[in-house]
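Asks: If you read the sequences in order, they're chains B and E. Take 1 as the starting number for the first sequence in my numbering and just add one per residue. Take 1 as the starting number for the second sequence in my numbering and just add one per residue.
Keep in mind the hints are simulated off the structure, nothing from the lab. Keep in mind that this is a model prediction, so the values were computed, not measured. Be a bit skeptical, because a hint or two may be false.
[As the list claims (entries may be wrong)] In silico PhoX-like pairs for lysine-lysine, Cα to Cα no more than 25 angstroms straight-line: (1) E:Lys18 to E:Lys39; (2) E:Lys48 to B:Lys233; (3) E:Lys58 to B:Lys233; (4) E:Lys31 to E:Lys4; (5) E:Lys31 to E:Lys84; (6) E:Lys229 to E:Lys58; (7) E:Lys84 to E:Lys72; (8) B:Lys40 to E:Lys84; (9) E:Lys18 to E:Lys31.
Spelled out from the first residue to the last, the chains are:
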Amino acid sequence: MDNQAENPAILKKQARPPGKITRMFLTLYDVCQFVTRFFKEGFLPPYEGRELMRQCYDIGYRSLALISLTGFITGIVFTKQSRPSLAEFGATSWLPSLVGIALLRTLAPLLTSLIAAGKVGSSIGAELGSMRVTEQIDAMEVSATNPFKFLVTTRVLAATITIPILTFYTAMVGMLGALLNVSLFEDTSARAFFQASLEQITFLDITASTVKAIIFGFTIGMVGCYQGYNSSKGTEGVGKAANSAVVIGMFLIFIEEVVSVQFFGLFRT
Amino acid sequence: MEQKKPTDMDQEKVIEIKGLYKSFGTYDVLKGVDLDLHKRENLVVLGKSGTGKSVLIKIIVGLLTPDLGAVKVLGQLVDEISYKELLALRLKVGFSFQNSALYDSMTVRQNLEFPLVRNQRNLTKGEVNIAVERVLDAVGLLQTINQMPSELSGGQRKRVGIARTLILQPEVMLYDEPTAGLDPITCLEINNLINEVQERFHTSSIVITHDLTCAKAVGNRVAMLLDGKFERQGTFDEVFNTDDERVKPFYEYNFIQ
Chain B
1 MDNQAENPAI LKKQARPPGK ITRMFLTLYD VCQFVTRFFK EGFLPPYEGR ELMRQCYDIG
61 YRSLALISLT GFITGIVFTK QSRPSLAEFG ATSWLPSLVG IALLRTLAPL LTSLIAAGKV
121 GSSIGAELGS MRVTEQIDAM EVSATNPFKF LVTTRVLAAT ITIPILTFYT AMVGMLGALL
181 NVSLFEDTSA RAFFQASLEQ ITFLDITAST VKAIIFGFTI GMVGCYQGYN SSKGTEGVGK
241 AANSAVVIGM FLIFIEEVVS VQFFGLFRT
Chain E
1 MEQKKPTDMD QEKVIEIKGL YKSFGTYDVL KGVDLDLHKR ENLVVLGKSG TGKSVLIKII
61 VGLLTPDLGA VKVLGQLVDE ISYKELLALR LKVGFSFQNS ALYDSMTVRQ NLEFPLVRNQ
121 RNLTKGEVNI AVERVLDAVG LLQTINQMPS ELSGGQRKRV GIARTLILQP EVMLYDEPTA
181 GLDPITCLEI NNLINEVQER FHTSSIVITH DLTCAKAVGN RVAMLLDGKF ERQGTFDEVF
241 NTDDERVKPF YEYNFIQ
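Isolated chain B (complex conformation):
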């Protein structure tokens, strides 16, 4: 066999390197394959239940302190900033329902997801990135285990499950912050505050918020895993993976927020 003449490496040298647009489409194709692989492998046995639980604990429980603080402060600040505008129209009694709707519909999913994109996305990107450059992922491959199932599906599923739970937690803590602010300025009981807040919240609000949080969680997990799993070029690559996981994650969350607001707006009268 005349190997020299058939060597594709020699042919490759003559081919031009792909341009920017070609590379963009190649990356897009790669992302689609990655997502498809998740759906193919994520729901088929064997299941990595213990690792999934560990990831849920890492993503959820360990983000609680930061999310509690952010949610609580947001509730206080939003209430404080909204009061003067409502007071101009003598509508301060609407404050609880305004805060409730704003928190549940947009602030809680968006804030929780942005914090998670920073905290969780970067941590997933860096962890998988460093596993890639230190050949730990290759070590899983050669020991006949499926690293994608163990590392990627568990993290994406954990983020998808945990972010909606954290979203409702943020909304609840935000309401407590709002209640604190209201009770400082008005003679309103906690019961009356929550009653006023919750009676304006519809089933559609809860559904929209849940769906958005699921999509945001999936995005955070997927972007972090994709960047980390495909990182290269040593420690520099790990840094880039963590950074890209945050930047791309946040960018996609904002786009998804705009699209979902438009979409769920269609169902509101």
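Since the structure of chain B is provided, determine the placement of chain E on it from the hints.
Replies: Frame of chain B; chain E shown alone:
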């Protein structure tokens, strides 16, 4: 130092490589590699850094795909089998990484349990413990069972890495630079361990190295990668008994210095 004797060349071939090419971008690494590994043989692959030694063994386990050529491992063409078949084949091929590649978020015990429980799901907790302790004892590191990889020395990490591959009872072992970055005493211990593994677990091995002391101590046969091809193969003395200017400096640096 005594040189190991060559094995019987008529023995069954466990790895057959024919006309293997691999390039990265415009850099051709392997340019028509032919190589055979015989049953129960330790074959040492020597070569300068960047000559494609690690690339070669990564192609053997399907971590990299060749541009051209055929790689047959235990009778199966690596390029032509399905992913499921590749996973089954990898159970029979142990790979010891240059930097050990231990899972740094797991203890030594969990590192060893990880491949075992995922490939033999019917094992009881007791059977897993026995298997873990057996291979750790074989590499002389039973006392480190509950330590984290970050608490181990370089030599210990290499040993645990080898134990992690042995737990699946492979037929073929691939060692990527087993003595790189280790002191001479630890190198000697690792060389002895490679020989012990060959005798105790009846494995056939490819040892990638540029350490000639290791090559002489563990290799039944030596193959030298020069300009992307194996131009010199044979016993240690046969390979280095030459005036080839590409080979001589290698020997002189390792032994005369």
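Asks: State for each hint whether it applies.
Replies: Evaluated hints:
Distance hint between Lys18 of chain E and Lys39 of chain E is fulfilled; the C-alpha atoms sit about 18 angstroms from each other, no more than 25 angstroms. Between Lys48 of chain E and Lys233 of chain B the alpha-carbon distance is near 21 angstroms, which keeps this suggested pair within the 25 angstroms criterion. Taken as a hint, the Lys58 of chain E and Lys233 of chain B pair is honoured in the structure, with Cα atoms around 18 angstroms apart against an allowance of 25 angstroms. The straight-line distance between the Cα atoms of Lys31 of chain E and Lys4 of chain E is roughly 29 angstroms, outside the 25 angstroms bound, and the hint therefore fails.
As the CA atoms of Lys31 of chain E and Lys84 of chain E are separated by approximately 29 angstroms, the hinted pair breaks the 25 angstroms bound. The straight-line distance between the Cα atoms of Lys229 of chain E and Lys58 of chain E is roughly 16 angstroms, inside the 25 angstroms bound, and the hint therefore holds. At roughly 16 angstroms between alpha-carbon atoms, Lys84 of chain E and Lys72 of chain E fall within 25 angstroms of each other, so this suggested pair holds. The hinted pair formed by Lys40 of chain B and Lys84 of chain E meets the criterion: a straight-line CA distance of about 14 angstroms does not exceed 25 angstroms.
Taking the CA atoms of Lys18 of chain E and Lys31 of chain E, the gap is near 11 angstroms; set against the 25 angstroms cutoff, the hint holds.
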